[in-house]
Amino acid sequence: MLDMQELTKAVGDLDEKKVLGLLNEFVASNPSPQDTAMVVSACQQGMAIVGDLFDAKEYFVGDLIFAGELLTSAIDILKPVMGGENTAKIGKMVLATVQGDLHDIGKNIFKSMSEAAGFEVYDLGIDAPASAFVEKVKEVNPEIVGMSGVLTLALDSMKNTVEALKEAGLRDGVKLIIGGNPVTEEACNMIGADAFTTNAAEGVKICQGWVK
Amino acid sequence: MIIIGEKINGTIPGVKKAIAAKDEEFIRSIAINQAEAGADYIDVCAGTAPEIEAETLIWLMDIVQGAVDKPLCIDSPNPKTIAKVFGHAKKPGIINSVSEEGEKCETIYPMIQGTEWQVIALTCDKRGIPSDVQTRVDITKILVEKAQKYDITPDRIHIDPLVMALSADNRSLLNFADTLTAVKKLYPTIKVTSGLSNISFGMPLRKIVNQHFLAIAVYAGMDSAILDPCNRDILTTLLTTEALLGRDRYCRNFANAYRKNKIGPPKNE
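Residue numbers (this note's numbering), protein chains in the order written: chain Z, 1 to 212; chain S, 1 to 269.
Do not rely on the hints blindly, as some may be mistaken.
Derived pair list, reagent style DSSO-like, types lysine-lysine, alpha-carbon separation capped at 27 Å [claimed, not checked]: (1) S:LYS185 / S:LYS260; (2) S:LYS80 / Z:LYS159; (3) S:LYS80 / S:LYS149; (4) Z:LYS136 / S:LYS126; (5) Z:LYS57 / Z:LYS79; (6) S:LYS126 / S:LYS91; (7) Z:LYS57 / S:LYS207; (8) S:LYS207 / S:LYS146; (9) Z:LYS159 / S:LYS16; (10) Z:LYS79 / Z:LYS9; (11) Z:LYS138 / Z:LYS166; (12) Z:LYS57 / Z:LYS92; (13) Z:LYS138 / S:LYS126; (14) Z:LYS159 / S:LYS126; (15) S:LYS22 / S:LYS80; (16) Z:LYS205 / Z:LYS166; (17) Z:LYS205 / Z:LYS57; (18) Z:LYS92 / Z:LYS79.
Rather than coming from a laboratory, the hints here were simulated on the basis of the structure.
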């Protein structure tokens, strides 16, 4: 059986060769779905280390993007040995960069990490108006709505989006998380979101907590 | 190289404070410092709430024009704001900026028809910011063809291909250079411009990355840049690069700047 701590550490170190090597070896041993679930969880714990190192300014944006790719490859390797239960999505999420903002680096990092964590993500892209959020939420009925932005004016768009969800009677049916450079606790309260983060890995952790 | 001095921008904390406090002296001194450091144009950006953007811009423009002889680069995301303040400029400068979003060209181009005003044109449209060369070239064509309808020739247009963050797009600089080459093949007299800081988003040692970006972009043929001419390291990179590229006769700009203690390690006065 694979050494979980070693795997978690390798993911945290973003040691691609080691992570993929360990996982390929694991898959070749024809493991049970229960063991596979533990391996997935070990990978996700490694991702939490990546988030901490980003916070500590040891890792940078390029490292986070790479981490998202690494986790996606890890899940791809593990898919054949996951049980039906594990391949089932843990929740649905509607995600976009809000109206007036075209920045999507952070949103895309969060997206790839969320997908790797088992969310089905509906990505509305950039400059998404409140109406696009409302339509998509109506259509797919997600547990979570994620709003991203880099510009200060994105905060106004986030607020407008929350208002639009309220008007459509959809606000109480979802958890709302905002992310990006300008978000603060104060902004989160003003906007009426449930959580905020400037760290994609931490954001994914919050979302996982919501669907447990 | 055409230098557009970037320091009078209300999104920079010190300037924001000066705007709020109506501190004319602060604005005046950064205008003078940039002009002395070699800025050809002085960018003015209010960065305030939309309701007071026009009046703030006019206030900034009046101070800068009272302090230095350099033309302005009027900087606002809102073309209607630019139209409101345009008449307060004493001489032709640069409009910053148009793009294929909204009605920007349709508002700005007629305004500068028959003048010597230049314009910065961003290669983005309502679909967002492209990172590939072809879409940027396609948008450039639309921006230039629309300008021709108002007799605005390509030499009055500074194309800004909107450099992506290198950490996310590893071909960012190479795509910038390829876009520059392709655009100039189509319109030999057109200018290509860029800011310096986008490239280094999310990376450590951003200033170092920005300086090297500047050197390579100048070599690739960038005509103008929005930068801080008072930054010693940036100016050192710029003058060194220009000398290396044979654009500084007998390296005299370089030597003069050194003698005046503007580049290299600071000499104690």
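Each hint, compared with the structure:
{"no.": "1", "hint": "S:LYS185 / S:LYS260", "verdict": "violated (39 Å)"}
{"no.": "2", "hint": "S:LYS80 / Z:LYS159", "verdict": "holds (25 Å)"}
{"no.": "3", "hint": "S:LYS80 / S:LYS149", "verdict": "holds (20 Å)"}
{"no.": "4", "hint": "Z:LYS136 / S:LYS126", "verdict": "holds (20 Å)"}
{"no.": "5", "hint": "Z:LYS57 / Z:LYS79", "verdict": "violated (33 Å)"}
{"no.": "6", "hint": "S:LYS126 / S:LYS91", "verdict": "violated (32 Å)"}
{"no.": "7", "hint": "Z:LYS57 / S:LYS207", "verdict": "holds (16 Å)"}
{"no.": "8", "hint": "S:LYS207 / S:LYS146", "verdict": "violated (37 Å)"}
{"no.": "9", "hint": "Z:LYS159 / S:LYS16", "verdict": "holds (24 Å)"}
{"no.": "10", "hint": "Z:LYS79 / Z:LYS9", "verdict": "holds (21 Å)"}
{"no.": "11", "hint": "Z:LYS138 / Z:LYS166", "verdict": "holds (12 Å)"}
{"no.": "12", "hint": "Z:LYS57 / Z:LYS92", "verdict": "violated (31 Å)"}
{"no.": "13", "hint": "Z:LYS138 / S:LYS126", "verdict": "holds (25 Å)"}
{"no.": "14", "hint": "Z:LYS159 / S:LYS126", "verdict": "holds (22 Å)"}
{"no.": "15", "hint": "S:LYS22 / S:LYS80", "verdict": "holds (24 Å)"}
{"no.": "16", "hint": "Z:LYS205 / Z:LYS166", "verdict": "holds (25 Å)"}
{"no.": "17", "hint": "Z:LYS205 / Z:LYS57", "verdict": "holds (19 Å)"}
{"no.": "18", "hint": "Z:LYS92 / Z:LYS79", "verdict": "holds (19 Å)"}
Hint check: violations occur at hints 1, 5, 6, 8, 12; the rest are consistent with the structure.
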